[in-house]
Every structure is written in C-alpha cells, then in structure tokens.
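Asks: Protein chains in written order, with UniProt numbering: chain A, 1 to 599; chain B, 1 to 599.
It is worth saying that the hints were derived from the structure and are not from the lab.
None of the values given here were measured: they were computed from a predicted structure.
Heads up, a few of these hints could be off.
For identical chains, the list gives no copy identity; a pair is met inside one copy or between any two copies.
No farther apart than 20 Å at their CA atoms in a straight line, the calculated lysine to any residue pairs in the SDA-like style are these [what the hints assert, rightly or not]:
| hint | residue 1 | residue 2 |
| --- | --- | --- |
| 1 | 418 | 155 |
| 2 | 413 | 63 |
| 3 | 43 | 315 |
| 4 | 413 | 158 |
There are 2 protein chains.
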Amino acid sequence: MTDHPKALTTGALPASAKVYIPGTLFPDIRVPMRQIDLDPSAKEPPLIVYDASGPYTDPDVAIDISCGLPDIRGAWIAARDDTDAYEGRPTAPADNGFVEGAALVPEFPGRCQPRRATGAAVTQMAYARRGIVTAEMEFAAIRENQGRDAVGIRDGQDFGAAIPDRVTPEFVRDEIAAGRAILPANINHPELEPMVIGRNFLTKINANMGTSAVTSSMQEEVDKLVWAIRWGADTVMDLSTGRNIHNTREWILRNAPVPVGTVPLYQALEKVGGVPEDLTWDLFRDTLIEQAEQGVDYFTIHAGLRLHHVPLTADRVTGIVSRGGSIMAKWCLAHHRESFLYTHFAEICEICAAYDISLSLGDGLRPGSIADANDAAQFAELETLGELTQIAWTHDVQVMIEGPGHVPMHKIKENVDKQLALCGEAPFYTLGPLTTDIAPGYDHITSAIGAAMIGWFGTAMLCYVTPKEHLGLPDRDDVKTGVITYKIAAHAADLAKGHPGARARDDALSRARFEFRWEDQFNLSLDPDTARTFHDETLPKQAHKVAHFCSMCGPKFCSMKISQDIRDAALDQGMAEMAGRFREAGALYLPVEESSTEG
Amino acid sequence: MTDHPKALTTGALPASAKVYIPGTLFPDIRVPMRQIDLDPSAKEPPLIVYDASGPYTDPDVAIDISCGLPDIRGAWIAARDDTDAYEGRPTAPADNGFVEGAALVPEFPGRCQPRRATGAAVTQMAYARRGIVTAEMEFAAIRENQGRDAVGIRDGQDFGAAIPDRVTPEFVRDEIAAGRAILPANINHPELEPMVIGRNFLTKINANMGTSAVTSSMQEEVDKLVWAIRWGADTVMDLSTGRNIHNTREWILRNAPVPVGTVPLYQALEKVGGVPEDLTWDLFRDTLIEQAEQGVDYFTIHAGLRLHHVPLTADRVTGIVSRGGSIMAKWCLAHHRESFLYTHFAEICEICAAYDISLSLGDGLRPGSIADANDAAQFAELETLGELTQIAWTHDVQVMIEGPGHVPMHKIKENVDKQLALCGEAPFYTLGPLTTDIAPGYDHITSAIGAAMIGWFGTAMLCYVTPKEHLGLPDRDDVKTGVITYKIAAHAADLAKGHPGARARDDALSRARFEFRWEDQFNLSLDPDTARTFHDETLPKQAHKVAHFCSMCGPKFCSMKISQDIRDAALDQGMAEMAGRFREAGALYLPVEESSTEG
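Using the sequences and the hints given, assemble the complete structure.
Replies: Printed below as a string of structure tokens:
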C-alpha cells in the first residue's frame, strides 16, 4: 500500500491482482475484477471476486486526484448521439456558501462542459424499454458473474427473488426495463465503472460521507471515498452540509469510479441560510441542475412526505428523524401547502431524464426508534412513494426506494413485503435497520443484524452505519469498519438467498482454514490486514503461518489437526468405504427421518 | 472505576447504583439490580436493569480476590439438610500439569471442605419435581423481572415460547421441573448469584475464557471474569488447557458470582499428555470429581458422538472442528469402541446429581463452515443428544444442549426446530452461529447476526464470539467487544420475542435521544464509556452535552431539533386535534388498508 501526500491509500490488496474482462457485445469494455492468488499447495485456481475499488488498486494506473480518473464512458455516451455538450450553469458564490480566499476549497482544475439530452430521455431505463443493451449494461452484467463459469450450490430461500445462474446483458436490460433494477450513471460522470442495483443481483452497500458544518475537509472526503471503495463500498453518498459543498463535490465526482448520490435539499437549505421556510422550487430546481451538470448519479428526494402525514408523527417517541423529512415537514407546516418536491415532482423527473440521474425516493418519515417502527406515518409515506414511482417510470426515470431505520427483527419482513407491493418491485435501499436502540457506539452491529435479514428478504442495497452513528462523525477507521460490517451483511444475505456465486469465497476460505493455509485464509478474508494482525498478536513468528495449529488450542489440542489425523486413520480403517456404504444405504447409520436432513 | 493491583476493574457504572430486592418466600435473599438514574429534566423514574456484574460494582463491598466473594448460598444449602461436608479428593500434581515452584499458580488460600449429597439428587430439578421452590428459584425469578411492575408492549413473535408477564418463583420451578430451563448452581459454589437459563426467560450470554498452552496467566483470568460480567456476561466457561488448570480454576470459582462451566475433557487430556487414545473412564471420572468439589456449575460433555457418526464427517469441508468432538472421535476410532462418555453416561449423571452440576451436552460434530451446516453428521449427533437428555432427566440432572457453529441465515431456524423436537425442549445453547466464513477478524459480527436470529427463534443462551475467533486469544478489549456484541444479539432477540420488559430500555434511551439528554443517552447504553468517548471525539465541550444538536448535522440541520419545532408549531396549529381526529376516524388521512399497519 502506498500512502500519497493526500493520504490516499492505493495499491493492490494482499496476494491480489487486478484483472480485466472484455465485453462481447462491446469488445472495448474492460470490466475490473480482483483475482486472489492462493498458495500452490492449495491446488486450486485463484478466486475472482467483485471489485468496486476502481483504478486505485491497479498498480499500472498512475493516480493524481487533480487529474481525476480516466474517462471510460465518454465514447459510449457520444456514440448514442442523443446528448449535446453546452455551456452549463455558472458556479455561484452561494454554491460554496459564499466562502472566499484561503477558506475556499480550490476548484477542480479543467472542468469540461456538461452534456444533456437533446430530446427524449437518455436513461438506461429508456434504452432498456426500447430493447437496447448499452455498454453500461454489459459492463454491469460481467461484474455480477465475478469471472464465474460454474454454478455453485443454490440451496437458499429467495423469497421470490429470481437470480439467474449467470447474468447476461439482456437480463440486466430486462430488469431495468421492468423497474426491478437501476443502473445509476449520470452522463456527466464518465469516470464511472457501471454497476447495477436490484434484488436479482448481488446485494450492494453504500457508504455515506460528507463535510459538515461542524468539521472535516475536502481532502479527507476524497480519501474517505477511495478508502471506502477499497474495502468494498458499491456507491457513496456525499451528504456534505456547510460551506464548500460545490467544489468538494466536484473533486469527489472526478475521482469516483462508483455512483455518487446526494441529498440536494441539504445544499439548497445552505443557500437559504438554513431556514426551511425560505426554500423555494426555483432555488431547489437550480440546485438540481447544478448537481446534474457535475455528474451526481442519484438524488435522494423526499417527495413522499405529504402535509397530512405530519400529524401521524405526533405521538412518536422520536418524531421525524430524517433530516430531509424534518426540513420538508417544517416547510409544509409553515406554508400549509404540499411540498414543492411533491407538487413539482414531474419537473424533477424531467431533469433526471435529461441527465440519467436515478431517483432515490427518501423516507422522510422513517422510524428513528424501535418504538416508532412500522407505524402509520411510515407506511402512509411508503404508499405515496409507490405513487411517485409510477410517475417517475412514465418519464423513463430509474427509481429506488429508501427504507428504515430502526426496526426490531420481527417487524423487518413487513417492510420488504410492503415496499415490493406498494412500489412495483422498485429496488429497496435501506439504512440498517437497527434492531435495538440501546447500543450507541455499536450501531454498525445493531444494524448489521437487521441489514443482513432485510437483504435476505429482498433489499437491493444496504446503506452502511458506522460505530459513530448517533454520536459523531465517522473517521477513516469508522468508515472501514462500517464498510466491512456491511459487506458481511450483504454477503450473508446473498448466501441465504442462494446466490449461485456466493458460497465460492466461504468454501475457499474454509478449505484454507482446514488445511492450515494461514496466508490464504488472511488473503481470502474481507480484511486481510486485520486478520493477519490479530493472528500475529498471539503467534507472531513467520513459522506459525505454516503451523498446523493455532493459538486457540495450541499444538496438542487443535481439533482441525486431530480431525485430519482421524480422516487419515479412518481411511486406513476403510472409513471411506463405510461412508460410501452409508451414502448408498442412507439409513444404515441413521434412523430414516434423519436421512433427509441435509438442509 | 478503580483499578486494583491485580488489574481488577470495580466500581459502579456511570450514573448507576446497586440496589437489592429482598425475597418474599425467602426474606433474607438480596437480589442485585442496577439502577440507572436519569437527569431530573427527564421526569422519569430511574431504569432498573438486570445485573450480572456481582459485588464488583457495589462500592460498599470490599474486594480482595484472595478472600473470594461472600458465601450467600451456604445457609440455603445447609437448611435443605441433604448434603454433607467431607474430606474431598486430595489435589494431585497432575491436576496442575506437574508444574512446580515459581511456575505453580499459588493455591487459593483457605479452601473449605466440599459437600455432596447424602442420598437422593440435590439438583434444582429434583426439588422442582417435588414441588419445592428453592431460594435459588426465587432469586432467579426476581432477577428476571428487573424491578418491573408494569408490563410493556408485547407485539413480538415468540415461535412457541411462553414468556409470562411477570416471572414468579413457581414459574421458575415449573420450567425447571419440565426440563425447559436450568438453574446451574453447584452446591460447592456458594458465592453464586443464582440465574435461570431457558427459552421463557431473558436470553442469556456466555463468555469463554481460559489459559492455554500457548499463553495467558491466572490473574488475567480472574480479571477477564470480572471484566466479562461487568459488561453483562451471564455465565463464563473456563476453557483452560495447559498447566496450572486446577489452581487457576479455584481462583476463578471463589471469585465468580456467575455460573462457571468447563469442558472436563480438556483437563483430562492434559493428564495423559495430550494423547486422546490414552484417556480412560477412571481418569475422566476422577477429573469430574475434582471439578465437582471445586464448584463447577456445568460440564460440557461430548457424549453424543457415536462411533457410527464419524464416517458422516468424511466428506465435510472442515471435518470435526469441536475440540472435544475431535478428541473423542479419535479415541473412538483408535479403540473402535463407543466413547466412555457414552457408555458411562449414567455414572456421569450420578456425579452431577450429587453436586447439582448441570450438563451441557456438547455438539462434537457441529459444522465448522457454511458448507457443513445442517448436515447428516450434525443432526445424527443431535438425535443422540436427545436420547441422553432423557437419561439425564431420569437422574434429575439439569440439561442444556449445545449448538452450532457456522450456519447461513436460511438454515438457522431448522436448528432450533430440530433441537426443541429432539431434545424435549431442553434449553438450547449455541455458539453464534456465524452466518458467513469470509470475515475472520470480524466474527463477533458474522456471528451476532446468527445469534440474534437463533435467540429470537428460541435459543436460551448465546455463547459469545470475539473478534479474535479463528485467529488468536482474546485480550481484555476483545472480551468486552464480544460481551457487548452478544448483549446486543440477546436483547434484539428478547425484543423480537416480545419479552414484556425488553423495550423499556430502548424507549428510555430513545426518549433521551429525542430530548437531547446526552448524559442519559450515554448512561442508558450498553457501553456508556464508548458512547461518551465517541461523542467527545467530535464535540468535546461539556456544553455540547446539553446542546440541542449533534455533530452529524450541526445546529442548523438537526432533524430532532426541527422535529420538536414542528411538534410545537403543529400543536399551535391544532395538530394534536388533527392527530386525535385521525385516531378516531382511522382512515381520515389514510386509505383503509393502511389504517391497520401498526406493526
């Protein structure tokens, strides 16, 4: 790992090489994968895994964040010949909170002209509905297969998901056309490595970052981005508040190989000095254009909060905890009108259609405590989100739906069932949910429990929660902990859904564990550095990396060692034959009712 | 917090006071609870929570580990007049691995004579079946109610559990008599604060500790015990291997207010130089007596592993991962006989009956990987454990059943369903399960997901997993992380089961959060120190402890603040009345189908 002056961490992960798989329909596309090489003694091929880390883990790519990442989509977009470059909206002082001089984050050098549609919608959904397979779609399809030819064991419970043995570009197209998946890819974000979000694909995770009124800087933000995707974040949301928002976001986008989402309302509120009542449609619309031209891939829009929903929160323990939701609720009450997000929703869709910005319909009334989970306010808003989804789809705009929040385990499935039913199977994107309120400081864990379950039930993307949730701003370590924790939740969900590729990594690591291939065990894990460090705290010697025991039991007691001795001994004693006879006879060693318990 | 020379952490937790509730049937019993005091502005009574931490958190109790804890059960045991003190087995050099001189952990000073039954079984089950309510039973019953009078909201899904609104001593008795619960309490462990383990009580957690051949010392072990129960461990298991086992265990027991479990096989194997084939029933039996006289409360016995089960593991990815299971499997194959644990099981029960040692029937064939979950070997052994349970019950011996291990989410419920059916609803005691194999270094999290779910489905006690699982020996921080993580899983399970008292703490903390009572939020959390530290990293000033905002959003953006403003404003606008009308009319603001979504 190389630490750049800007504290960027680049370079390959241990024993890993970046490999690129070309397209078939689009031979020029190069889909990045991470190949994890194993010890020769393993007599196994390398394991190829999904790789969201971008060029930063490719030693052959020179990284300079003031140049940004290479443009890989420009040619595809131009070839479609349905967009034009134009002058674009001039940056206004308000965009950066009127900050000046040394306090102003420098503009990203060499900004190019934005593009927008010349006519009809230029969204992946519009193409999909016309039967077109785009380069983005093939790119995303290849990623989903993780270089896999064989189909793994599929004994999961999918709750109605329909994950194919292999993902084809046409399958991606059809899922997007049906609204069951989105491919967030603003035409002004050509650095993007396309990916797809949907219930019938690998479960994805999002990492939030962003400067705030209280603290944190632009360079930290780009570093957090690179750091978050290094560990597996599939998308990031820039939730910056305070000043320098515009320039910071430009630096993030030009260096982001993953989709970037925002909550435009946050910047709009900054522009009116933080007074919700002073927000107007014109100012909000202008902010949408500003961010659309920069290349933001998805917008969180809290258009589902209706005036008549607000009283439903009156008896809640924690009221309205969504920032966007509370801002709009205050606006609605102050003006006693429906919000401009709701009344101007069609125009919002037109903007999204002209740049291919996906909508992430915000759950402004999500519960903020176990006490408020699944209440009337939450589900009333969800129904409105379903209505808005239909409107967005008439504009060919891609949509996902945001979900809770704080939900005890027994109320989680109802959230997925209702969301699928009310929102036409649009992808669900949930925050956690936290399954208890009593562990601030550990809410990455209280929420990983809920996230794994809601992912299993059908949530397409899980928004991470860090240990600092409710308490403070995540630092570098918190971001990593949040991302790894959510990779665990997403993978546990894929295993339980019976994803054809999910078990390959578990089995490879378990074989390494059983065969005492310590280095392989570290290298195959989600966080090789931590696994190796923990091991070395007790058994530092290099010799122990090949030792046929570990520190838990010591040499004499190692169950795996004994187990291997047993296997060898038993084989001498014809155990294989015995086992063989068992497999034939089925009930030879077991009562009949047990002979079919293989889960 | 006071740090003793022996690194013991004592003293109350923040804003907490130790309170004692007297018995009714047994007025002399004093049941410890932790009272968490809230800020006067809360206008709420203090919250009383379950307290497993023992006298160490009572400032009025002087702690000296060389004196051990006060004897609180001696009089109760004597009053039953069914046991005698006797000379006891002399300590043999082999008990401490023949270690001598400076390397020998000193004997605990002033050992008193052990007691044993003069005739019939002296187990809590024997008393319960005779209709007797013991002091231990009333003690445990009072603990379960956590000083609660009111019954909380019970909207959970209990999967057949039958948790009463309030736990009575008679209910504890009846659950023990039915075998659905155990109260582990060796008559030679008078320092014990009795507690009950069963599906119809609060979900409990166990923390493992123990010296190993590779590292760690006696003082560390007592400190780990005190540290583990400070954060909420309900029982501890001493899994020591290597030397000094006997003396270390004596120090642990004399200072343990919680039940202590062991795997006697580990010490027995030490006595034969780590050669499984050399184990004999006589040596094992002698080890059981040795530990019974010291006061071990429950024994893990791997008697369910039958000779014919071994071939069922031949095709596993990770073979036999249970240490006890692999040792006995090797013995069985070497002698080509059923294990002495199986053939002498009745004698094991007689020993347990004479000291009231609970049996924890070990799952020697539990899966060690996702690939091996719910396989024929695992469930074949589980059926044998069911048969052994019936035998133990004929001896009035209390029994719980150990469970996996590594299990993907979709295969977890089958484990509980089979265990309840095959083992007559004896309490289930599971390790995790880990829901994926790919995150060594984070297995407290991969397993917390499975632990919360399996607890919800009906597991009575969850054995913790620390971040060091598979990699090394847990240190102090790992033990705390493991315990807090498992308190989260157990509490999430209680919430989902609809335990009448579970939500009180969530709601109290959520109210504190909504009202910006930062100190209350910290003090009500499972780990006040970490919550406060994380908050102060971003907002150190004391003033911020009363600030009506936090670092995530800053002053202008705080959704809770805005939400409160909305509530006030809305109240002026008659929102309360609107809300009231909504509640009467039901569908006034919502379509009919939404009016019944209150989860």
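Asks: A separate judgement is required for each hint: does it hold in the structure or not?
Replies: Evaluation of the provided hints:
Taking the shortest alpha-carbon separations for residue 418 and residue 155, only the inter-copy value of 19 Å comes in at or below 20 Å, while the best intra-copy value is 26 Å. Taking identical chains as interchangeable, the C-alpha atoms of residue 413 and residue 63 are never at most 20 Å apart, the minima being 44 Å within one chain and 49 Å between chains. Proximity of residue 43 to residue 315 under the C-alpha cut-off of 20 Å is restricted to the inter-copy arrangement: shortest distance 18 Å between copies versus 62 Å within a copy. Taking the shortest Cα distances, residue 413 and residue 158 sit within 20 Å of each other both inside one copy (13 Å) and across copies (15 Å).
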